[in-house]
Amino acid sequence: MIEVDRLVKRFGAVTAVDGLSFTVRPGHVTGFLGPNGAGKSTTMRVILGLDAPTSGTALINRRRYDTLVRPLREVGALLDATALHGGRTARAHITSIARSNGIGRQRVTEVLQLTGLESVAGRRVAGFSLGMKQRLGLAVALLGDPPVLMFDEPVNGLDTEGIAWIRQFFKALAADGRTVLVSSHLMSEMAQTADRLIVIGRGRLLADTTTAQLTESSARKDVLVRSPRAAELAGLLTARGATLTREDDGGLAVTGLDAPAVGDLAAEHGIAVHALIPRTASLEDAYLDLTGESVDFRAGPSPDAGPSPDASPSPDASPGPEGVRAR
Amino acid sequence: MTAQVPVAVRARDVLASEWTKLRSVRSTYWTLLVAVVTPIGLSALVAVALANAPGGGAPVDPLLPGVLSQEYAVLAIGVLGVLAFSTEYSTGLIRTTFAAVPRRRAVLAAKAAVIGALALVAGELVAFVSFALVQAVLSGHHLGVSLSRPGVPGAVLASGLLLFVVATMGLGLGAIVRHTAGGIAALVGLIFLPAILGLLPAPWGGRVGRFTLLDAARQVTALHPATNLFAPAASLLVLLAWPALTLLAAALLITRRDA
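Respectively, the protein sequence lines represent chains A and B. For what it's worth, this note's numbering labels the leading residue of the first sequence as 203, then goes sequentially. For what it's worth, this note's numbering labels the leading residue of the second sequence as 21, then goes sequentially.
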């Protein structure tokens, strides 16, 4: 379990983390979300005892990191996969870290196998691709078989196959009953990896929720209805207190009435309905709504969300694999 | 997870970790090679030059060539020390290191022990091999001394300390400055700039010079110590104070700064 309590971290005049409190529990993959510069990495560094908090606490299994006995057996972390000495071989890199916590050669070989790096264990890491470096970082995090794991932006630079692989890995770790915290600035990524979400912006907590709840709580919810007698139906709906927006293709976006009510109303008056689709804003939209005001630097329209954050029908929070490739 | 032995990361483990790091990068071998081969080769050259000096049989300290040539190994061995920390800081690897061993001073101590031991072995090797070479050259001109002469073994042993002193000082500076180039510049500055003070007119040259690292090293290793500097025993303390103070400063800073 990771407990962060009223954590504040200032760098000179800049407040990176501003009174942040949250708890990460075992058994789930918890997504740690926020725009770039929101304070995710700083929070993780404080949890690992690397940065001293200005005030507040960050505890792992109710203890401060610097009081942990053999820390690698309690927390495994991957902060920056490229933080390597390029001249060392993969095996030498892992061995040097393993030895500091009294972890033997056998375990080094095991984590190399687990992460599929056996065949390149004797190669200098300078020649590794970013994906291989991520695997190496994962191997180091797994060394002590720890109950708590933290990963900072682990999918950055991975290809589709690598993303699918690492996602499965996180799920398996959580299913084992471990505490897994994974940071990302991409909602689309977290939607498929995390069950729980901690969303921060400008160092403050914006949401501590489940992936499903976040979608649910989004303000944007409506019903798309298409009918050959749209104008007539529009009048009836307005009379019932619904608010209508006419879409470009002639469909009606209805808010204020749910889909069964719209369908019943049409049936009562014998109006044919060709489409009746309850719509919720995508998780991406919910995230953008949440973080919209807390983005430090904004380029063009929605830098992270791809060309156009489509508010198209997304019946639930399980977008297909296209969603991954598009990002 | 509570069945673990209730001891924090053990000193032996941290030493093993740092030793693994040191021997798994090529820069260790290159810097050591340069630090050993350069002074051995130079000492023989300096001895030949001295023996054939036009003055002929000038009252030169027969141990001087060995000491002088070690000064040319300072840069290489110093770089080895600086790199031990500066590469970890510049790559970000230091965060992995400190996450594995939250007692940062234990990391500093382990690096100092491992690098210090290596530099000491290299230094003594250079000292004794150089001595043998130099005396072989000088004895041909009846200028040499034997290892059995009183004061000689101690002086030769002491000359082997210079590489140890410089390597551990470089290590401390690497931890303080956290950049390779900056660390090397600081090391060169601290060792060679004060040496200029020794050239001040008497009596100031000696009064100030006796505190400098290189003059202290020469005094410790001289068969005929200079009279305007500290006695050899006090000079030995001066020599060891340089890395000691540097490492102390590093130990104070290393826990105060964010990694």
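There could be a bad hint or two in this list.
Said to hold, decoys possible - Some, not all, of what chain A presents toward chain B, calculated at C-beta under 7 Å:
| id | residue |
| --- | --- |
| 1 | Leu250 |
| 2 | Asp253 |
| 3 | Leu274 |
| 4 | His287 |
| 5 | Ala294 |
| 6 | Ser298 |
| 7 | Leu360 |
| 8 | Leu407 |
Simulated from the structure, these hints should not be mistaken for laboratory data. All residues carry an ideal CB built from backbone N, CA and C; glycine is no exception.
Hints versus structure:
For Leu250/A, the interface hint holds, since its Cβ comes within 7 Å of a Cβ in chain B; the closest pair sits about 5 Å apart. Given the 7 Å rule on beta carbons, the hint for Asp253/A holds: about 4 Å separates it from the nearest Cβ of chain B. A least Cβ separation of about 5 Å between Leu274/A and chain B falls short of the 7 Å threshold, and the interface hint therefore holds. Checking His287/A against chain B by beta carbon gives a least distance of about 6 Å; that is within 7 Å, so the hint holds.
Contact between Ala294/A and chain B, as hinted, is supported at the beta carbon level, the nearest pair being about 4 Å apart and thus within 7 Å. Restraint check, Ser298/A versus chain B: the minimum CB separation of about 4 Å is within 7 Å; hint holds. Given hint, Leu360/A at the interface with chain B, is violated; its Cβ is 19 Å from that chain's nearest Cβ, farther than 7 Å. Nearest Cβ of chain B to the Cβ of Leu407/A: about 22 Å, over the 7 Å cut. The hint is violated.
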